[in-house]
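These protein sequence lines are chains W and R, in that order. The numbering of the first sequence is numbering that gives the first Met the number 0, which starts it at 0 and goes up by one. The numbering of the second sequence is numbering that gives the first Met the number 0, which starts it at 0 and goes up by one.
I should point out that these hints are in silico values taken from the structure, not numbers from a laboratory. Even glycine gets a Cβ: it sits at the ideal position worked out from N, Cα and C. Be careful, since some hints might not be right.
Selected chain W positions facing chain R (in silico; Cβ < 10 Å) [stated by the list, open to error]: (1) Ser-141; (2) Leu-143; (3) Arg-144; (4) Gly-146; (5) Asp-198; (6) Arg-225; (7) Asp-226; (8) Met-228; (9) Arg-232; (10) Leu-312; (11) Gly-315; (12) Glu-318.
Label pairs and their computed distance ranges (CB to CB) [claimed, not checked]: (13) His-212(R) <-> Arg-10(W): 22 to 32 Å; (14) Arg-25(R) <-> Val-299(W): 14 to 24 Å; (15) Val-299(W) <-> Ser-95(R): 27 to 37 Å; (16) Asn-362(W) <-> Ser-95(R): 20 to 30 Å; (17) Arg-128(R) <-> Val-281(W): 18 to 28 Å.
Calculated Cβ distances over 12 Å to all of chain R for the following chain W residues [stated by the list, open to error]: (18) Gln-50; (19) Ile-90; (20) Ala-148; (21) Asp-165; (22) Gln-234; (23) Leu-355.
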Amino acid sequence: MFWNALILALREIRRNVLRSFLTILGIVIGVASVIVMVTIGDGATAQVRQQVASLGSNLLVVTPGKRMGPGQSSGAAQFSEGDAAALRRDIPQLVAVSPMAAKGMSAILGNANWSTQVTGTNTEYFQARNLKIKSGRLFSESELRSGAAVCIIGSTVQSKLFGNQDPVGAQIRLQNISCQVVGLLESKGQSSMGNDQDDLVVIPLRTFQRRISGNQDVSMIQVSVRDGMSTTRVQQDMERLLREQRHLSANDENNFNVMDMKEISSMLTSTTKVLTALLSAVAAVSLLVGGIGIMNIMLVSVTERTREIGIRLAIGAFEREVLTQFLVEAAVLSSFGGLIGIVLALLVSILLASILQVPFILNTSIVVIAFAFSTAVGLVFGYFPARKAARLDPIEALRYE
Amino acid sequence: MTMGKPTSVSSSPLIELKGVFKTYGRGTAAMQALRGVDLRIEAGEFVAVMGPSGSGKSTCMNILGCLDTPSDGSYLFRGVEVGGLGRDQRALLRRSYLGFVFQGFNLLNRTTALENVELPLMYRGEPVRVRHQQAREALAAVGLNGWEDHTPGELSGGQQQRVAIARAIVTRPAVLFADEPTGSLDTVRSREIMEILATLNREHGITVVMVTHEPDMAAYAGRTMHFLDGLVVNGHEGDGKGVS
């Protein structure tokens with residue numbers, strides 16, 4: 000009975016190719032947009048994760064300010080170098096502790112001028128961030144202590160200022176200070192949010208404090224936890240220590256933040272996720288509209304085929320057989336829409352992924368779900384017209400012109 | 000009337016109506032289409048049903064064909080009460096024992112003659128091979144071999160009605176109900192159809208109940224029932240051979 004219904008449905012669809020296609024267009028668009036949204040959203044999320052992971056897997060970031068939500072904090076007192084020293088002294092699980100202060104400014108070499116981010120920190124910064132020296136060297140202990148005018152530059156700064164020339168040993172100007180390039184970093188490429196991870200100049204923290212910011216503030220501390228240690232545990236230890244350092248009483252809230260990679264990546268991906276969910280919801284609405292389109296056409300079809308239904312009933316078709324016939328027809332119609340939508344979605348996703356430069360990650364479960372959903376839409380919206388057909392009075396139906 | 004098929008062991012007739020009423024509407028607007036019809040049709044009979052429009056003959060045919068149910072009274076089919084059956088039970092009865100031929104042919108458009116004839120077999124759940132073979136045999140029985148792959152649009156009225164007859168007999172029903180089968184055909188085609196019905200009755204033992212307006216066609220039947228104002232007024236024997 001089911002096979003017969005399937006054959007009948009396919010024949011009926013073939014008879015009205017254009018109408019069938021227009022009927023399922025809503026489903027096609029709905030399914031395609033849901034899949035495209037999810038695929039691109041997943042790609043973007045995966046890209047963020049990947050880049051966060053490339054920062055260093057055991058990284059913890061400490062920032063001043065009360066936690067308000069993912070990535071948001073209120074203003075609060077900055078850290079000092081003493082806080083970083085206390086962390087290094089009292090928490091043995093940390094392998095690298097790098098206090099940081101940063102400012103956007105211009106790097107100048109002769110006529111070349113490039114606006115970049117200048118960070119003052121120590122050598123442990125490179126370890127915590129997984130940055131490697133390509134040529135030249137790191138800062139020496141004495142340079143760090145004395146606040147010498149030396150810098151290490153990223154490959155973007157190198158190419159903007161030096162072209163293909165080796166920058167090591169050259170003097171560049173940062174704002175009004177002149178400093179010598181002692182090292183060049185290996186390239187890390189673009190990050191998820193589109194910012195260039197190679198666009199940076201690193202100088203000793205003391206140099207930054209004395210000659211650029213003019214104060215002793217440390218705006219961020221990055222630490223790296225020894226492999227195999229629980230970051231949660233270390234996080235708790237750090238919080239306890241920093242509360243002491245900042246003289247917080249027992250009922251004060253933390254006025255700083257210790258974030259691990261998971262939090263950082265969820266902070267970065269939360270926007271993507273909200274956007275994906277929102278767009279998918281819009282796409283789901285178009286699936287609903289598509290379903291109503293199918294119901295509309297199935298009702299027309301039932302009316303057009305009243306006589307046929309009458310003949311079938313008179314010959315001895317059961318109510319449920321007529322019901323099945325029309326339900327199968329609606330389901331086949333909408334699952335065709337689902338299939339076309341999937342193919343369309345794959346093409347569009349591959350194209351979009353390459354334009355937006357996000358990885359193409361096909362989530363097979365969303366494809367299966369979208370297909371199942373499109374079939375379900377056919378069944379749900381086909382039920383009312385099918386029931387109408389099945390309940391026709393054969394005598395009336397045979398008389399219908 | 001000869002009996003082409005042995006009657007059932009019981010003495011009950013194939014079809015028996017006892018005091019059947021059919022009322023449409025309610026209250027003062029109620030219209031009585033049938034007001035106490037009694038009739039018997041024995042297996043193997045060829046019965047013509049005549050009467051003016053509104054006399055209740057179509058209503059009666061619908062009830063006999065299990066397309067409709069009586070408001071009151073009793074309908075015995077092979078001695079079993081079927082007047083109170085539900086939709087699906089009546090559908091089962093139709094697909095198992097009854098065949099229908101309509102004035103307007105009522106074939107499925109854009110569907111070949113063979114597939115039209117196969118339709119009742121499909122609902123019986125016969126396998127494809129059996130369906131093909133029995134449908135071809137039925138088409139051959141009405142003289143349409145070679146026309147299997149033509150759609151109704153490609154066939155003449157007479158041919159379409161023959162396809163409809165093939166569809167009605169392909170399940171080897173006990174009764175064939177024909178509602179003005181020649182109503183939209185010219186005299187020559189009408190006679191062809193009547194010959195086929197008479198042959199099916201005579202040689203295959205199929206009981207035929209036929210509504211007609213034309214005495215010429217009624218003459219093929221073994222017996223004619225006249226309806227008037229919702230009642231059977233009389234029944235007389237025809238010659239069973241047709242007239243010229």
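Hint check results:
Taking 10 Å as the C-beta cut-off, the interface hint given for Ser-141(W) is violated, the closest approach to chain R being about 94 Å. Interface restraint check for Leu-143(W): the shortest CB-CB distance to chain R comes to about 88 Å, outside 10 Å, so the restraint is violated. Taking 10 Å as the C-beta cut-off, the interface hint given for Arg-144(W) is violated, the closest approach to chain R being about 93 Å. Interface hint status for Gly-146(W): violated, as the beta-carbon distance to the closest one in chain R is roughly 91 Å, over 10 Å.
Annotation: interface hint on Asp-198(W) violated; nearest CB of chain R at approximately 69 Å, more than 10 Å. Hint on Arg-225(W) is violated. Least Cβ distance to chain R is approximately 73 Å, over the 10 Å limit. Interface restraint check: Asp-226(W) against chain R, minimum CB-CB distance 69 Å, threshold 10 Å, status violated. For Met-228(W), the shortest C-beta to C-beta distance to chain R is roughly 70 Å, which exceeds 10 Å, and the interface hint is violated.
Taken as an interface hint, Arg-232(W) does not check out: its beta carbon lies about 70 Å from the nearest beta carbon of chain R, beyond 10 Å. The criterion of a C-beta within 10 Å of any C-beta in chain R is met by Leu-312(W), whose closest approach is roughly 7 Å, and the hint holds. At about 3 Å, the closest approach between the beta carbon of Gly-315(W) and any beta carbon in chain R falls short of 10 Å, and the interface hint on this residue holds. Because the closest C-beta pair between Glu-318(W) and chain R is about 6 Å apart, less than 10 Å, the hint holds.
The hint said 22 to 32 Å for the Cβ distance between His-212(R) and Arg-10(W), and at roughly 37 Å that hint is violated. A hinted range of 14 to 24 Å for the beta carbons of Arg-25(R) and Val-299(W) is inconsistent with their spacing of about 33 Å. One distance hint, 27 to 37 Å for the beta-carbon pair Val-299(W) and Ser-95(R), holds here, with the actual separation near 34 Å. Our hint of 20 to 30 Å for Asn-362(W) and Ser-95(R) is violated, since their Cβ atoms are close to 52 Å apart.
For the pair Arg-128(R) and Val-281(W), the beta carbons lie near 52 Å from each other, so the given range of 18 to 28 Å is not met. Interface exclusion of Gln-50(W) from chain R stands, the closest Cβ pair being 60 Å apart, more than 12 Å. Consistency note on Ile-90(W): stated as away from chain R, and its beta-carbon is indeed over 12 Å from all of that chain's, at 78 Å minimum. Chain R leaves Ala-148(W) outside its interface by the beta-carbon criterion, the shortest separation being 90 Å against a cut-off of 12 Å.
Distance to chain R confirms Asp-165(W) as a non-interface residue, since its nearest Cβ pair spans about 81 Å, more than 12 Å. For Gln-234(W), the condition that its CB be more than 12 Å from all CB atoms of chain R holds, with the nearest at approximately 69 Å. At roughly 49 Å from the closest C-beta of chain R, the C-beta of Leu-355(W) stays outside 12 Å, upholding its exclusion from the interface.
Violation of the numbered hints given earlier is confined to hints 1, 2, 3, 4, 5, 6, 7, 8, 9, 13, 14, 16, 17; the remaining hints are satisfied by the structure.
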